[in-house]
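Student: Modelling step: build the complete structure from the supplied sequences, incorporating the hints.
Just so you know, the sequences run in chain order A, B and C. Quick note on numbering: the first sequence equals residues 1 to 116 in our numbering. Quick note on numbering: the second sequence equals residues 1 to 240 in our numbering. Quick note on numbering: the third sequence equals residues 1 to 81 in our numbering.
Treat the hints as calculated values from the structure; they're not laboratory data. There's no promise every hint is true.
[Unchecked claim] Distance windows between CB atoms, simulated:
id: 1; chain 1: B; residue 1: A13; chain 2: A; residue 2: A67; range: 33 to 41 Å
id: 2; chain 1: B; residue 1: V39; chain 2: A; residue 2: A64; range: 41 to 49 Å
id: 3; chain 1: B; residue 1: A80; chain 2: C; residue 2: A7; range: 35 to 43 Å
These figures come from a predicted structure and were not determined experimentally. The beta-carbon is built from N, C-alpha and C at its ideal position, and this holds for glycine as well.
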Amino acid sequence: MLLFGLDLDYVLVVVLFCVGLYMLVSKSNLLKKLLGLNVMETAVFAFIVTSGMIEGGDPPILVAGTAAPYASPIPQAMVLTGIVVAVSVTAVALALIVQIHAHFGTIEVDELKELP
Amino acid sequence: MKPWSLLLVLLVALPLVVGVVNLPPHDAPDAPIHTGVGVRYLARGVEETGNKNLVTAVLLNYRGFDTFFEVVVIFTALAAVLALPRGSAADPGGAPAAAAKAANGSDIVPVSPVVSYVVRLMAPFMAMFALAMLFRGHVTPGGGFQAAAVFAAIFIALGLVLGPTRVAELVPDDWRPWLQGAAPLAFALIAAIGWRLTGAFLGFPTDDHTAQEAMGLFLEVGIALGGGVILARLFVEMET
Amino acid sequence: MSDVFDAVMLSLLIATAVSVARARDLLAAVVIFSLYSLTMTLVWQHRGAPDVAMTEAAVGAGVTTVLFLITIARTTRREKP
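Tutor: As structure tokens, this is what we get:
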């Protein structure tokens, strides 16, 4: 979709990325920061997948009933591995957050900074 | 704190918007992504790899290294979670943490019988769906990673209903290390076999379709088992 | 038709992302994040990336959400202002 010469899908991705970045830098709660990181990751995946689309294209699965043009398979494969890495990162970060809460009783960065 | 973070976000957004405006429109057939190496994959992928699903072909055959070390990454994530020290009885923060937990009332939540029944009813069908994705992944959407995610989802759903310890018992202790390392191990084995057959690490014999399909299927099964068990173990580790 | 679908989905994406940022209740934020992931899944499925959509549905909306929920159960549900 084009609007004023801007590709709306790409602009949307930038907006989502910035919302995630804002959560990451401005929120004090570690869980909210991690949610922001996840929003950023998804925005980047959306950007990569979107860049591989083609006008009127079918998915890159060459079976009967589909026809050229096909969407590019490379971005999709890269994003597939990226999603799994993202969930690994999230799991490690969440385990760390649970440990931080168990040790200090808070997951607010502001309060963690005040600790002796 | 707030105005500074807004300023930072704007500073990041500006170059991003400028970059995005200068990109070619995303469905244009003449964009660089549709004239580069992807063209060759689309034209010759089926004949070279035997995979009709070219996403699987790119994952396993053309970009095998990437996938290899990506499964190493999730294995490392599990190792990192397992390596974290457990418990906190001795430290000074332990008391408020326990108090907060009691206030939350989050220790034991009884599971509704409806949820329990539905999860138990759906589990076999989910398993069938995962197996279908695993073994039909080369001609339909699906493949190792998707099957791994669905396998893990079955484990997690059952774990929420039956309790994580009972689900952990589903995987025998003797097999656990092998299953958790299944994905990197499968890749290492196939890489060695490919080296023997073609002279290239992780090489696939392009002229022998039977061998190629067998190797691809072995990798898919390894990824599905390893990935599923690792994701489920992450859940069990965090829940207990 | 496709343009209408796109417009609805894209506005839903922005709305959910902003709601995640604004929610004070962490449980609400996580549930809305799950909705954001599911919307993203629909968009990708619609645009010819069924493999990615499937993985995101199972991992992004399923496994990630459950891990977040466990963390909330073990830590705290309220974000301090």
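Student: Compare the structure with each hint and give your call.
Tutor: These are the hints, each one checked on the structure:
1. A13(B) / A67(A): 33 to 41 Å: 39 Å, holds
2. V39(B) / A64(A): 41 to 49 Å: About 22 Å separates the Cβ atoms of V39(B) and A64(A), which means 41 to 49 Å is violated.
3. A80(B) / A7(C): 35 to 43 Å: 42 Å, holds
Against the hints set out earlier in the document, a violation occurs for number 2 only.
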